[in-house]
Amino acid sequence: MFKHLTLFLFILILLTLTFLLQQFFDNQENLMTFKSYVSPEQKLSQKLIDHYNGTDEKMKKEAKDTIVEITLKNLDQQQWLTYLDYIDLKLYTSNVLPERDLELIVSLNLSKDQAAMAIYRPLANEYIYTSKIENILPIEKIDFIPIPELGYNFIVSHQLIDERLGAFFIERFIKVYMYSDHGFKNIWQGTKFSEEIYRLQLQDPSAPEDQWAKVTVNNLIRFESKPTLHIVLETNQKKYSAFHDSLPSSSMFKLQDRFRSIETFYWHPAYQHFIIGEGLLKTTGKPIAILTDAEHSKENFSGYSLKNYRILTPDRKIEYISKDSIITTKP
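Numbering (the working numbering), first residue to last: 969 to 1299.
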C-alpha cells in the first residue's frame, strides 16, 4: 500500500513539474531568458560594455561588432550580419522592467527603414537577453519616463521615416512603449515633424497634372507629470500648393491653409494607455477609452473627411468608430 502511494505521489509530482515546465517554455520571453542563461555566447559582459564606452578606438570597434553580432543572434536576425559595419548601435540603461534593476537597452538601426531594440537584464557582471522590440523604424534617440505607481519606466523612442517613392515624405515621431504581459506594447504615438509633397492628382483625379501639394506638420510634444502624468500635443499643420512639371522647389509653394489645435492625452492605469477621453457605445452602453480623434489628423487636414475616434475597449481591442456612435463621459 505504501509503495503504491509513493509511486502515485511520484507520478503526480512528475506530471506537475512537466506541466509547469511546459507553461514556462510556452512563454517566449521565458524561453529567451533561459537560453541566455545557459548559452554564454548570448550574454553581454560588463567588460565588453566598458570597452565599447572606452576611449581606445580599436577596442571600441571590436566591442561594437561583438555587441551587434550577439544581439542580432539573440533577435534571430542573423541575415544582417553581412552588414555589420553599416549598423548603427546605441546603448542605454534604465529600469524598463518590473524587477527594479537598471536594464541595458541595445538600439540597432539596421537599414534606412528598419530597426530593433534588445533588452538585457543585469546579473552579476553580465547582461542576460530578456526581451525585444522589433519591426520598427530607425531610432534617433531614446528617453525614459517613469510610469506612475509601477516603479519602472516607459521607453520613449524618437524615430524617423524618410521615403521618396514617386513623391517626397519625411516624418519624425515619438513612440511610447510599456512592458506589460510579458512584452513591450506601443501605447502612444505622436508626430514631431513631417513634410509630404505629392502630385494633387493622387488625391484628386480632377486636379491639373502639374499641380503639387505640400503638407507640413510642426508639433510640440510635452510630457507633464502634474497633477497627473499626461502628454500635451500642440499641433501646427500647413497646406501649400504649387504648379510645375516636376518636383517644385520650396520657394514655389504658396500657403493655402493652416490648422492649429491642442490635445491632452492622460495616462489611464486601467487601460494602460494615454487617452483623450472616455465614453460609452450608444448601441451597447459598453465603456470605452478614446485614444485619438481623426479630425485632428494630418489626413483629415489634407482633404480626407474623417469623423472617427480610435477607441480601446475594456478587453484591449482597438477599433475605429464614428464619433456619432459614442456618448462622451470624460473629460
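Keep in mind that the hints were calculated from the coordinates and are not lab data.
Keep in mind the model is a prediction, meaning the values are calculated, not measured.
Glycine residues also receive a C-beta, built at the ideal position from the N, C-alpha and C atoms.
Just so you know, not all the hints are guaranteed correct.
[As the list claims (entries may be wrong)] Result set (EDC-like, lysine to aspartate or glutamate): computed pairs, CA atoms no more than 20 Å apart in a straight line: (1) K1028 <-> D1044; (2) K1194 <-> E1094; (3) K1266 <-> E1164; (4) K1015 <-> D1044; (5) K1160 <-> E1177; (6) K1029 <-> E1067; (7) K1032 <-> D1053; (8) K1222 <-> D1172; (9) K1153 <-> E1094; (10) K1032 <-> D1018; (11) K1250 <-> D1225; (12) K1206 <-> D1111; (13) K1153 <-> E1287; (14) K1143 <-> E1108; (15) K1254 <-> E1231; (16) K1160 <-> E1192; (17) K1080 <-> E1139; (18) K1266 <-> D1111; (19) K1291 <-> E1231; (20) K1222 <-> E1192; (21) K1298 <-> E1287; (22) K1206 <-> E1192; (23) K1207 <-> D1178; (24) K1194 <-> D1178; (25) K1207 <-> E1177; (26) K1298 <-> E1263; (27) K1015 <-> E1139; (28) K1029 <-> D1081; (29) K1109 <-> E1094.
[Unchecked claim] Pairwise CB distance ranges, derived in the manner of DEER restraints: (30) A1175 <-> D1081: 37 to 47 Å; (31) I1129 <-> T1281: 25 to 35 Å; (32) T1297 <-> S1193: 45 to 55 Å; (33) H1126 <-> Q1046: 43 to 53 Å; (34) T1232 <-> D1111: 12 to 22 Å; (35) D1178 <-> P1282: 48 to 58 Å.
How the hints compare with the structure:
Distance hint between K1028 and D1044 is unfulfilled; the C-alpha atoms sit about 24 Å from each other, more than 20 Å. Distance check on the hinted pair: K1194 and E1094 sit about 37 Å apart at the alpha-carbon level, beyond 20 Å; violated. Proposed proximity of K1266 and E1164 is supported: the alpha carbons are some 10 Å apart, at most 20 Å. Restraint check for K1015 and D1044: not satisfied, since their Cα atoms lie roughly 24 Å apart, outside the 20 Å limit.
In summary, the hint linking K1160 to E1177 is not supported, as the alpha carbons are separated by about 31 Å, beyond the 20 Å threshold. Distance hint between K1029 and E1067 is unfulfilled; the C-alpha atoms sit about 32 Å from each other, more than 20 Å. Taking the CA atoms of K1032 and D1053, the gap is near 9 Å; set against the 20 Å cutoff, the hint holds. Of the supplied pair hints, the one linking K1222 and D1172 holds, its CA atoms being roughly 19 Å apart against a limit of 20 Å.
For the given pair, K1153 sits about 26 Å from E1094 by alpha-carbon distance, which is inconsistent with the 20 Å threshold. The suggested pairing of K1032 with D1018 holds, with an alpha-carbon distance near 11 Å, which does not exceed 20 Å. Between the alpha carbons of K1250 and D1225 the distance comes to roughly 35 Å, so the proposed pair goes past 20 Å and is violated. Taking the CA atoms of K1206 and D1111, the gap is about 28 Å. The hint is violated against a cut of 20 Å.
At most 20 Å may separate the alpha-carbon atoms for a hinted pair to count; K1153 and E1287 meet this at roughly 17 Å. Restraint check for K1143 and E1108: satisfied, since their Cα atoms lie roughly 12 Å apart, inside the 20 Å limit. Taking the CA atoms of K1254 and E1231, the gap is near 24 Å; set against the 20 Å cutoff, the hint is violated. At most 20 Å may separate the alpha-carbon atoms for a hinted pair to count; K1160 and E1192 meet this at roughly 17 Å.
Of the pairs offered as hints, the one joining K1080 and E1139 holds, with about 13 Å between alpha carbons and a cut-off of 20 Å not exceeded. For the hint linking K1266 to D1111, the alpha-carbon distance of about 25 Å lies beyond 20 Å, and the restraint is violated. Between K1291 and E1231 the alpha-carbon distance is near 17 Å, which keeps this suggested pair within the 20 Å criterion. Between K1222 and E1192 the alpha-carbon distance is near 36 Å, which puts this suggested pair outside the 20 Å criterion.
Note on K1298 and E1287: the hinted pairing holds, with a Cα-Cα distance of about 19 Å set against a maximum of 20 Å. For the hint linking K1206 to E1192, the alpha-carbon distance of about 26 Å lies beyond 20 Å, and the restraint is violated. Among the hinted pairs, K1207 with D1178 is consistent with the structure: their alpha-carbon atoms are about 17 Å apart, no more than 20 Å. For the proposed pair K1194 and D1178, the alpha carbon gap of about 50 Å is over 20 Å, so the pair is violated.
As the CA atoms of K1207 and E1177 are separated by approximately 18 Å, the hinted pair is consistent with the 20 Å bound. The hinted pair formed by K1298 and E1263 meets the criterion: a straight-line CA distance of about 18 Å does not exceed 20 Å. Proposed proximity of K1015 and E1139 is contradicted: the alpha carbons are some 37 Å apart, above 20 Å. For the suggested pair K1029 and D1081, the alpha carbons sit about 24 Å apart, so the restraint of at most 20 Å is broken.
Distance check on the hinted pair: K1109 and E1094 sit about 24 Å apart at the alpha-carbon level, beyond 20 Å; violated. Here the CB-CB span from A1175 to D1081 is close to 29 Å, at odds with the stated 37 to 47 Å. At roughly 29 Å, the beta carbons of I1129 and T1281 sit within the given window of 25 to 35 Å. Judged by the Cβ atoms, the range 45 to 55 Å given for T1297 and S1193 is violated: they are separated by roughly 25 Å.
Distance hint check: the CB atoms of H1126 and Q1046 are about 27 Å apart, inconsistent with the given range 43 to 53 Å. Distance hint check: the CB atoms of T1232 and D1111 are about 19 Å apart, consistent with the given range 12 to 22 Å. With their beta carbons about 52 Å apart, D1178 and P1282 fall inside the hinted range of 48 to 58 Å.
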